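Sequences listed follow chains A and B, in order. Our numbering numbers the first residue of the first sequence as 351 and each following residue consecutively. Our numbering numbers the first residue of the second sequence as -12 and each following residue consecutively.
Fair warning: there could be bad hints in the mix.
As the list claims (entries may be wrong) - Derived lysine-lysine pairs resembling PhoX-like cross-links, with alpha carbons at most 25 angstroms apart:
| id | chain 1 | residue 1 | chain 2 | residue 2 |
| --- | --- | --- | --- | --- |
| 1 | A | Lys698 | B | Lys223 |
| 2 | A | Lys697 | B | Lys162 |
| 3 | A | Lys697 | B | Lys173 |
| 4 | A | Lys358 | B | Lys162 |
| 5 | A | Lys698 | B | Lys74 |
| 6 | A | Lys358 | B | Lys173 |
| 7 | A | Lys697 | B | Lys170 |
| 8 | A | Lys697 | B | Lys107 |
| 9 | A | Lys698 | B | Lys173 |
Keep in mind that the hints were calculated from the coordinates and are not lab data. Every value quoted in this text rests on a predicted model; they were computed, and no experiment measured them.
The chain contents come next:
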Amino acid sequence: MNNYILSKKLFRNELSTFYSFLIGFIVALFVGSLILLIQDKNPIDVFSLMLKLSVGSINSLSNSLNKAIPLILAGLGISIINSVRLWNIGAEGQIFMGALALNFFYINSSIQNSTLYIFLLLTASFIGGSICILIPALTKVLFGVNEIITTLLTNYIVFGLTIYLINGVWKDPASLNFPAAAYVNESVYLPIIVGKLSSGFLICIIFTLLAFYIKDKSVFGYEMRIAGGSELTAIYAGISAKQKAFLAMLIGGGFAGLAGGIELLSQTHRVSTGISQGFGYTAIIVAAITGMRPLGIFLVGCLFGALTIGGSVIQTIGVSSYIAEIIQATTLFGALVAQFFFSYEIKKKVENG
Amino acid sequence: MVDIQFIGLLNATLQAATLLFIAALGELITEKSGILNLGVEGMISIGAVSGFIAAINTGSLFFAIIIGVLSASVFASIHAFVTVVLKQDQTVSGLILTILGLSLSSLIGKKHVGKKLDVKLESVVNIAEPDSILDIFLSQNIIFYLGILLMVATAYVLKRTMFGRRLEAIGEDLKSSDSMGLKIAKTQFIATCVGGAFAGLSGVYLTLSYVPYWTDGMTAGRGWIALALVIFGGWKPYRTAFGALLFGFLEALGPRLQTYGFEMSPYIVKITPYIITILVLILLTIFKNGDTGAPRNIGIPFFRENR
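Looking at chain B on its own, in the form it has when it is part of the complex (with noise of 0.2 angstroms):
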């Protein structure tokens, strides 16, 4: 027998840090390639307005989360398409993402603030009062075994198939990787496209498990952490799980901690995964001479020079 608090708290701690992990997975892929995206936050809005409606006019959970990661992914084609194939700026262009993904997603979502959802992701194994350490992961429902089973398969892919060492390369060195003949844009593309399908993943656990109902603004700054905790993570998918874990944790701890004595403003607490990830930054930075894990070619957009 654990206790009740704690039982409590680690069930908030692993539903708070799939919600993160899943995107930041997502930013991971997309920044191996080269390409950084700063609209997560309206990819995860775009996914979890999405996902919800899917799921309120069919009323079947496979369905809208299939609608609401084709949804991200194809909206998340719209920062490919400028920064890839018409070569912009991928900080102007993933910012706009945000605003326009966030703006959207309100729209389209107006009708459907406050409805209740009659259908609700479900635990996979049904426990009625989790009791021990182990019953917590179990009554964790799909998504969270995804989000498992997609960190792992990342990992894989980037390290042991040719496709995720090409990605690894085009991210780390355009010119040569052009001379070897690799398809940068295909892949810069799809890595993107990629990236827009995690993070709507990751809205629609929002949507349709972490807080089911849809309002505006409820993404509240977690795509802005997914994107902190890649680099918290050195651009590793098992170290962001780790971070992932621990941001959810303080995510979790925040509105707890007065039951457990402690006078510390629950909105200070809020706060530290920026300041932590921010002391990382430097740290990293610092220590390591420069060499954060991030991938060399990271926002520089690839022209070659052929008149």
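So here's chain A without its partners, still in its complex pose (with noise of 0.2 angstroms):
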């Protein structure tokens, strides 16, 4: 039995992480298919009604980008925190801290040019994100603190505030049950570009353009990339690891939070739990799905916009919502496999001598 081993391939092939999400999406293409046959649902229609209703038409194809949005956003934060070797699984929380912080802002100024306001406003939010990750940040960079607790665990806090908020001091009267704070003034909304498609998409493409460039072509990204490597050639370098890895966590939580922004303005227009569902934690599937390339995760995140869309109207025909999520989640178990076979390889062992 022991006659094989396991060794890591020299090369691997450029495009792998391409391939394997390629097999990764047929594979749950494949897994969804089962459930639905269980389910007594034709697969074949199901899919065909969801790529109808998510792509079908510039409504629906808007409302899948615009759903794109903040896993987009908080994907590609997630990958420039990954340039430096750190997980941000606080994305989810910093998608809620950067909605309070444009809030907390709103409520507190008055600015008549609506534009500047807008600007200000979703600045307010990246700030917020950024505020969010500043503790798992700076306990990790001054002692060490496991990052991937930290940051998970203020999901759990930044959410408790904002139930405490919609509650208490922000409660809009007029929601009466459902606790929400009070609505943004209309001139704050973000416009429409076409259909329903928000614009805060071609924010969206301008930040993952920037992610693109901050991690792949600046010198500060090359300096994350050591960073993260090996703290000793960073110290040969002259790399301050740690102040690096600061940056890159105040940075990606900020796109996270901006996330957060963004929905506020767009979609729900006040702060309440559905600022964000899970938007977090599926942006982590989508960042690790693609290798953390910016560019992929913008494609990925498109993708999976739609797969939410096409979930949630397929409830109208009597098949849970959950089949998107599941296609989702194993999208990535079937890349992780398949990642596999492209950097491992199988040998029969050779005898010495």
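Fit chain to chain and form the complex, with the hints in mind.
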């Protein structure tokens, strides 16, 4: 039985991440079909309906892209933080914190020029996301506290804070039994480009290019990679690994915070628990599946946005919307399995001598 | 005669603590072997829904517990396969396990939302009106006692048996363990599945006793608290149990605060366990010079380079 050994491949196919994703997605569609068959539904009918209702018209396509915005922005933030080999599991909390910071700034200010106001509000949400990751970032670089756990725990703290605020000081009396803050004024809504597509999508494109530049083209990105790669190399190169890690975390948190700000100004128009429906967690799948590549995150984010919309519309024919989430999760599992075969090979053992 | 409010508080504390503790204990075993499994929330959910459906369909509580534990364990084996056999990233795999577990259990449980159970885990000793601390302990159900038993057993197995010593050795130092001829993959695989089984038991406790019905998202972040508990407890069973009692107390206290005349928001009380855990984690890291009690090899896949 021990005649075979596992060895790491010297060279990996350039496109292996892409192929892994494709394989994962096909596996996921297969698993999804099985689940549908068990429920006596025809998979082809369901999937073609999902396709039609998520990309079939301008309105449905723009719904899908709107859903993609938070996934992409939070995913980009996660990928920037991953440049220094750190994990951000706290995107969900940062999204909420972005919305909270935006609302806080909105309540305490009044600016006539709505373009300027929107710009400042979104800046506030970016800063909110950074503040949210501040304690995990500080404790990581100062004391080496595990950032996976601290970013994760901040999710629940911020969510608790949100519920506290919308049930207390921010509660809109008009919202009756559904706790939520008051609506923001229509003048600061993000304008619509076409159909239902929010201009947040343009911001999303700009930030994708920005993340691509930061990660792959800038000196800072190069330094981040060195800092994350090896502490010794970083010291030889005169790079402060801690400083890079700290900055990467603040920027990454800000990206997720911005996602919350855009969600508030374009979708919910007020702070409520509906600001994020697990976008921060799905964003981790999106980022991981693309091997943390910004352009990949953009494309997979759009696909997952469409899947989410497709999942929510098929409820009308009695199919559970969870099918979409299962497909998303299984895609990553399938991709991980495929990735194994791209990075390792099973060799026959050669006898010594 | 003890104050009736105190009785209620103590009872709720013990129940909340049992739920958190069993899942945390399972995660502790998994992490001791060097595998980090962030999928606790998903595994609890799978255990909860499958145990509930088994109870509805068979009416047998014993059978329901077995099904809940087994299915969560099989579900955890996905994580074991991806991280131990395929050596992929443990953070990513664990997270998808949570997402998959939550969505899968919602899908499976959809037809059973709002159904009432005919059977419910009864207390071991039937006491109509418990009015002393002893009565409270006696009126807990079988899983509470199982939890205590598992705590003692886990502490014993980890410290006093060959299997436990090997498990800890693997979590501390993969290379040395490998050169000593320990079966790393097998041990880690078993530890992950045992962790899943414990989470499943915790899930069964949730649907058969704690809130005896099934609804989407009813695990409500308890899996993440369980993960925090392992850190709080410094990867030690007894300290984790103490942490579970503390966290359980805070969960039980939240909705009762106003009856005690405090003007504190229950929402703020609800987030205190998370704040405490972060503080404990930071303090442990600072004062113990980075030695939080965490297994040194946690999260690192094992690969023996032999070309």
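Here is how each hint holds up against the structure:
Taken as a hint, the Lys698 of chain A and Lys223 of chain B pair is broken in the structure, with Cα atoms around 42 angstroms apart against an allowance of 25 angstroms. Between Lys697 of chain A and Lys162 of chain B, the direct Cα distance comes to roughly 22 angstroms. Compliance with the 25 angstroms bound is thereby established for this hinted pair. The hinted pair formed by Lys697 of chain A and Lys173 of chain B meets the criterion: a straight-line CA distance of about 21 angstroms does not exceed 25 angstroms. Under the criterion of a C-alpha separation no larger than 25 angstroms, the hint pairing Lys358 of chain A with Lys162 of chain B is consistent with the structure, at around 17 angstroms.
Between Lys698 of chain A and Lys74 of chain B the alpha-carbon distance is near 20 angstroms, which keeps this suggested pair within the 25 angstroms criterion. In summary, the hint linking Lys358 of chain A to Lys173 of chain B is supported, as the alpha carbons are separated by about 21 angstroms, within the 25 angstroms threshold. With a C-alpha separation of about 20 angstroms, the suggested pair Lys697 of chain A and Lys170 of chain B falls inside the 25 angstroms cut-off, and the hint holds. Taken as a hint, the Lys697 of chain A and Lys107 of chain B pair is broken in the structure, with Cα atoms around 54 angstroms apart against an allowance of 25 angstroms.
Straight-line distance between C-alpha atoms of Lys698 of chain A and Lys173 of chain B comes to about 21 angstroms, which keeps the hinted pair within the 25 angstroms bound.
Checked against the numbered hints listed earlier, the structure breaks hints 1 and 8; every other hint is satisfied.
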